[in-house]
Amino acid sequence: MLKLEGIHKRFGTLHVLRGIDLEVARGAVHCVIGPSGSGKSTLLRCINLLEPPDEGRILLEGKEITGKGSRDGVNFVRRRVGMVFQQFNLFPDRTAIGNVSLAQETVLDRSAAEARAKAEALLQRVGLADKVDEYPERLSGGQQQRVAIARALAMDPHVMLFDEVTSALDPELIKEVLDVMRQLASEGMTMIVVTHEMGFARDVADGVAFMDEGLVVEEGPPAEVLDAPKNERTKGFLGLLLEH
Amino acid sequence: MDVILEQYFDISLIIDEFDPVLDGFVQTILLSVFGGVLSLLWGLVLAVLRQLPGRALAPVRGLTIAYIDTFRGIPLLLVLLLISGSFGALALEGVIPRDIGIPTFFGKPDPFWYGVMGLTITYGAYMAEVYRAGIEAIPGGQMEAARSLGMTHGQAMRYVIVPQAVRTVIPPLLNDFIALMKDTSLVSVLGFVEVVQAGRDVQSEFFNSSALTLGALMFLVVTIPLARAVDRMIAGQQARYQRAQAGP
Numbered sequence: 000m001l002k003l004e005g006i007h008k009r010f011g012t013l014h015v016l017r018g019i020d021l022e023v024a025r026g027a028v029h030c031v032i033g034p035s036g037s038g039k040s041t042l043l044r045c046i047n048l049l050e051p052p053d054e055g056r057i058l059l060e061g062k063e064i065t066g067k068g069s070r071d072g073v074n075f076v077r078r079r080v081g082m083v084f085q086q087f088n089l090f091p092d093r094t095a096i097g098n099v100s101l102a103q104e105t106v107l108d109r110s111a112a113e114a115r116a117k118a119e120a121l122l123q124r125v126g127l128a129d130k131v132d133e134y135p136e137r138l139s140g141g142q143q144q145r146v147a148i149a150r151a152l153a154m155d156p157h158v159m160l161f162d163e164v165t166s167a168l169d170p171e172l173i174k175e176v177l178d179v180m181r182q183l184a185s186e187g188m189t190m191i192v193v194t195h196e197m198g199f200a201r202d203v204a205d206g207v208a209f210m211d212e213g214l215v216v217e218e219g220p221p222a223e224v225l226d227a228p229k230n231e232r233t234k235g236f237l238g239l240l241l242e243h
Numbered sequence: 000m001d002v003i004l005e006q007y008f009d010i011s012l013i014i015d016e017f018d019p020v021l022d023g024f025v026q027t028i029l030l031s032v033f034g035g036v037l038s039l040l041w042g043l044v045l046a047v048l049r050q051l052p053g054r055a056l057a058p059v060r061g062l063t064i065a066y067i068d069t070f071r072g073i074p075l076l077l078v079l080l081l082i083s084g085s086f087g088a089l090a091l092e093g094v095i096p097r098d099i100g101i102p103t104f105f106g107k108p109d110p111f112w113y114g115v116m117g118l119t120i121t122y123g124a125y126m127a128e129v130y131r132a133g134i135e136a137i138p139g140g141q142m143e144a145a146r147s148l149g150m151t152h153g154q155a156m157r158y159v160i161v162p163q164a165v166r167t168v169i170p171p172l173l174n175d176f177i178a179l180m181k182d183t184s185l186v187s188v189l190g191f192v193e194v195v196q197a198g199r200d201v202q203s204e205f206f207n208s209s210a211l212t213l214g215a216l217m218f219l220v221v222t223i224p225l226a227r228a229v230d231r232m233i234a235g236q237q238a239r240y241q242r243a244q245a246g247p
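Chains A and B supply the protein sequences, listed in that same order. Numbers 0 to 243, taken from numbering that gives the first Met the number 0, label the letters of the first sequence in order. Numbers 0 to 247, taken from numbering that gives the first Met the number 0, label the letters of the second sequence in order.
Each hint should be verified, as a subset may be incorrect.
[Stated by the list, open to error] A short, non-exhaustive set of chain B residues, derived as facing chain A with CB atoms under 7 Å:
hint	residue
1	Gly-140
2	Glu-143
3	Ser-147
4	Leu-148
5	Gly-149
6	Met-150
7	Gly-153
8	Gln-154
9	Tyr-158
10	Val-159
11	Gln-163
Note that these hints are calculated values from the structure, not bench results. Ideal Cβ positions, reconstructed from N, Cα and C, are used throughout, including at glycine.
Construct the complete structure from the given sequences, taking the supplied hints into account.
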């Protein structure tokens with residue numbers, strides 16, 4: 000489904016991604032863990048071309064999306080790849096249902112009625128049927144994030160990217176978002192999840208990649224990487240987390 | 000004290016000359032409305048052009064910046080004189096269309112439309128910068144979310160960024176409108192009778208400034224409520240911002 004080969008990304012002199020190779024099969028859930036500054040977010044943003052990589056190739060469903068012809072590449076990618084952000088990034092001047100409908104109408108040319116029906120169904124699916132007409136400022140962080148997930152799902156993506164989507168949430172609100180993500184995974188969505196939630200990774204992920212300083216240091220099934228890491232740096236990082 | 004009152008607040012003169020001054024003020028309002036609406040629109044166009052992305056569009060951005068710098072950098076009076084001084088000649092030589100060189104839309108004389116043009120050209124530049132501040136203040140995550148959903152830059156601007164930006168910059172835009180309204184008085188230099196010129200005519204006939212005082216009061220009837228409206232809007236925005244920071 001998704002293949003990254005030799006991805007490099009620099010911001011000025013800062014070499015953030017130093018040669019990333021990653022392969023994600025259809026329906027698989029891949030978690031990416033690692034310290035701040037390791038390049039995890041940048042990696043996600045390369046996949047949906049928010050930050051085009053400086054070197055390397057990305058293949059989505061067999062089609063190369065980097066390099067020449069990138070204009071078509073961008074549209075091809077963004078209609079197949081959905082992203083959910085740490086800061087939610089909901090449109091504050093639109094209601095929940097407005098947020099979920101907007102891109103359906105402007106990008107996919109769905110009629111207002113069609114978009115609204117789909118938006119209602121998705122908001123119900125994420126447990127917010129009673130909040131469809133609320134503005135984001137009246138929603139809790141967990142609710143806003145669930146709207147954001149519904150908004151991305153409304154575009155019928157083939158791959159969903161999650162960029163530390165629970166890191167900005169109060170602890171008691173994290174579960175409701177992770178539950179939606181678990182549900183999504185069980186329904187067969189291909190997901191790449193940058194997260195600090197090791198419990199989620201252990202339960203749901205098919206593969207875990209530990210990133211440090213722009214490289215994938217260790218990769219494998221969650222039981223291996225999280226419970227029996229081979230690499231010293233992986234052990235060090237996980238040790239820091241478990242201390243809390 | 001009596002002399003001051005007589006010079007500036009001669010009631011019988013104010014009553015006698017009320018109609019001409021009001022007629023002048025109606026022209027002031029018309030100049031303000033036409034100039035204001037057009038400069039609000041033109042300013043938005045300039046603001047959008049100014050931040051079109053990509054290397055290919057750098058000339059567009061450059062020209063727009065040059066335009067904005069130029070017309071914020073020279074006096075409106077100069078612009079008005081440049082237009083009125085030569086547009087007629089340019090039209091007669093066929094360099095510019097007659098309707099632009101010697102405009103007479105809606106039966107208004109050409110100094111009126113030169114005034115509207117000058118106001119639009121100049122205040123458009125000021126408003127462009129206000130819009131730009133509004134657009135740049137929108138968090139980057141908004142554009143990222145819109146682009147991630149598959150919207151083009153243009154769609155993101157139109158449906159996500161600009162609506163939010165415009166809402167936040169209504170107070171400074173209104174402030175610019177108030178300034179524009181006062182600057183309509185410069186069109187008097189082109190021989191057009193708006194409220195200041197009407198007041199001056201009375202002043203030179205009677206050697207008394209009361210008609211100008213009357214004109215000033217007419218201005219205040221409009222500008223003071225507008226200024227209070229701006230204050231209320233800013234307070235409302237502040238309250239909403241505080242609530243948003245506090246969370247639900």
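Problem - Which numbered hints fail - result: Structure breaks hint 7 only.
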